[in-house]
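All chains, please: the whole structure from these sequences, using the hints.
To get the numbering used here, take the position in the sequence shown, counting from 1, and add 133.
Source of the hints: derived by calculation from the structure; they are not laboratory data.
Nothing here was measured: the structure is a model prediction, and the numbers come from that model.
Please note: incorrect hints may appear among the correct ones.
[As the list claims (entries may be wrong)] Cβ pair distances, simulated, as ranges: (1) Glu532 to Arg583: 42 to 48 Å; (2) Arg466 to Gln635: 19 to 25 Å; (3) Tyr606 to Asn263: 41 to 47 Å; (4) Leu377 to Glu451: 31 to 37 Å; (5) Lys548 to Ala183: 56 to 62 Å; (6) Glu441 to Val167: 22 to 28 Å; (7) Thr310 to Asp245: 24 to 30 Å.
[Said to hold, decoys possible] Calculated pairs, EDC-like style, for lysine to aspartate or glutamate (alpha carbon to alpha carbon, straight line, at most 20 Å): (8) Lys163 to Glu182; (9) Lys186 to Glu176; (10) Lys552 to Asp620; (11) Lys332 to Glu527; (12) Lys511 to Glu525; (13) Lys552 to Glu623; (14) Lys626 to Asp585.
Yeah, the Cβ is synthetic: ideal placement off N, Cα and C, and Gly gets one too.
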Amino acid sequence: MLSRVYCASTIGVDARLIEVEINISGGLPKYFLVGLPDRAISESRDRIEAALKNAGAAFPRGRITVNLAPANLPKEGSSFDLPIALSLLAASRQVHPGKLSRSLVLGELALDGKLRRVKGVLPIAVEAKNQGMKYLVVPYENAQEAAVVEGINVLAFKNLIEVIEWVKDNNAFNPVTVDLEKVFGNNGQFEVLDFSDVKGQENVKRALEVAAAGGHNLIMVGPPGSGKTMMARRIPTILPPLTLDEALETTKIHSVAGILSPGMALVTQRPFRSPHHTVSDVALVGGGTIPMPGEISMAHNGVLFLDELPEFKRSALEVMRQPLEDGIVSISRARMSVIYPSRIMLVASMNPSPAGDWYDPSDPDSVTPMQMQRYLGKVSGPMLDRIDLHIEVEKVGFEELSAKAKGESSVSIRKRVIKARNIQSQRFLGVNHVHCNAQMNTRMARKVCRLDDNSKAMMKKAMSTLGLSARAYDRILKVARTIADLDYSEQIKSYHIAEAIQYRTLDRDGWLG
134 MLSRVYCAST IGVDARLIEV EINISGGLPK YFLVGLPDRA ISESRDRIEA
184 ALKNAGAAFP RGRITVNLAP ANLPKEGSSF DLPIALSLLA ASRQVHPGKL
234 SRSLVLGELA LDGKLRRVKG VLPIAVEAKN QGMKYLVVPY ENAQEAAVVE
284 GINVLAFKNL IEVIEWVKDN NAFNPVTVDL EKVFGNNGQF EVLDFSDVKG
334 QENVKRALEV AAAGGHNLIM VGPPGSGKTM MARRIPTILP PLTLDEALET
384 TKIHSVAGIL SPGMALVTQR PFRSPHHTVS DVALVGGGTI PMPGEISMAH
434 NGVLFLDELP EFKRSALEVM RQPLEDGIVS ISRARMSVIY PSRIMLVASM
484 NPSPAGDWYD PSDPDSVTPM QMQRYLGKVS GPMLDRIDLH IEVEKVGFEE
534 LSAKAKGESS VSIRKRVIKA RNIQSQRFLG VNHVHCNAQM NTRMARKVCR
584 LDDNSKAMMK KAMSTLGLSA RAYDRILKVA RTIADLDYSE QIKSYHIAEA
634 IQYRTLDRDG WLG
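So, in structure tokens, the structure goes:
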């Protein structure tokens, strides 16, 4: 007998409907699984057989053919266990397939029949709604994530027995609902990290405020112990709260990557990702046989922090250049191409020399010029051109460290950042994929960032003195526009340009001396 149960597979941050077709015919017992399954799906037979027996059902005998359609699309993951099990029961007439024809089913089976959580549930729930499914059957731990999507009945079960009872109409199960307003109630609330903990470093905190207000990439250069990492970890506390659309987009990526916490409905705080410098190219940008998102995509709508930037592999940094420019990662394979969003705020830090402290060529105990050149050469000029703000971070003195007075809180800084972002939101209203100054293209930057004569003269002098590239020129314009927004000024003034120029430290000759 033939049966059909619907499942889904993720492709990038979207999902594709999959039909689990099973045909049972006479003959010697044999089990065939076709349709480009991965190793986890190919091993599902033994899990399913044990789960069915422990749930009081029988694993059918005969020649069993399981087809995952469309057959030319690679499938991966353990979420096919439950749909295959239910299709087997329907094909062997142990359950009536009535409800299954209107349902999309997901779930990994334990040997005792327990349902384990799977990844990619949010984009699959969106696809189930788009396909007009009445029910979405998921493991209990995925319930909140799936219920974020309105317009479909999400049914969450703890084990296979409950699912079978529901299919047989022996028990009624109420759909899971989520109160999005309640979920978003703690959006952007940080209890541990706060900029008030940072002693001194007022000039650095000002630069971080500018970066947050415009969504600009930045790099901090300073000796160990100067507070670079401490301040970087507090940047999300001054960024604007996620909008609902941003939260859904971010949650999709985290769901596909399998890093969403059990029972979590939405990602409500901006991500902060800090990969180790030994990270591979694929782990940083994404890829694999079946493409998966990398760190740069998992930081989408948030912060990607690269501590000790020169320690990262040159190839890993270079492969980030295009995603930083375009805001997307495109991964092409022989059988598929996927696109992951990567609209991030890149924050990097580095020591000013291999020895850790500021380079002094007159010090006989300092590193050699060759060692310095080799150290700085690990970060290419094109990569630095994509970083808007270069900030020097000095060590904090004893007087500032021992002072009892606290610095300005993240809440206060965030209020100014949100006001500046609101100005930018109005400016870019109706412009696709541009929400802040850092996301402007060259043409838009030249149109929005108009300079008066004094500002033009200052820019001309800076270009000739510092030898700035065309990309650096555009970066200065964008940063100056953000500084003007923080100043509630429609016109970019010469002092806005002056402050933006001082954030191009690494473009200057002798910055290490």
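These are the hints, each one checked on the structure:
For the pair Glu532 and Arg583, the supplied restraint of 42 to 48 Å holds, since their beta-carbon distance comes to about 44 Å. For Arg466 paired with Gln635, a C-beta distance near 45 Å fails the hint of 19 to 25 Å. At roughly 45 Å, the beta-carbon separation of Tyr606 and Asn263 lies within the given 41 to 47 Å, and the hint holds. Our hint of 31 to 37 Å for Leu377 and Glu451 holds, since their Cβ atoms are close to 35 Å apart.
Judged by the Cβ atoms, the range 56 to 62 Å given for Lys548 and Ala183 holds: they are separated by roughly 57 Å. Between Glu441 and Val167 the beta carbons are some 48 Å apart, a value that contradicts the proposed interval 22 to 28 Å. Under the hint 24 to 30 Å, the C-beta atoms of Thr310 and Asp245, about 29 Å apart, fit the expected range. Among the hinted pairs, Lys163 with Glu182 is consistent with the structure: their alpha-carbon atoms are about 13 Å apart, no more than 20 Å.
Between Lys186 and Glu176 the CA atoms are separated by roughly 17 Å; this keeps the pair inside 20 Å, and the hint holds. Between the alpha carbons of Lys552 and Asp620 the distance comes to roughly 10 Å, so the proposed pair stays at or under 20 Å and holds. Straight-line distance between C-alpha atoms of Lys332 and Glu527 comes to about 12 Å, which keeps the hinted pair within the 20 Å bound. Simply put, Lys511 and Glu525 have alpha-carbon atoms about 19 Å apart, close enough for the 20 Å limit, and the pair holds.
For a cut-off of 20 Å, the pair hint linking Lys552 to Glu623 stands: about 14 Å separates their Cα positions. As the CA atoms of Lys626 and Asp585 are separated by approximately 7 Å, the hinted pair is consistent with the 20 Å bound.
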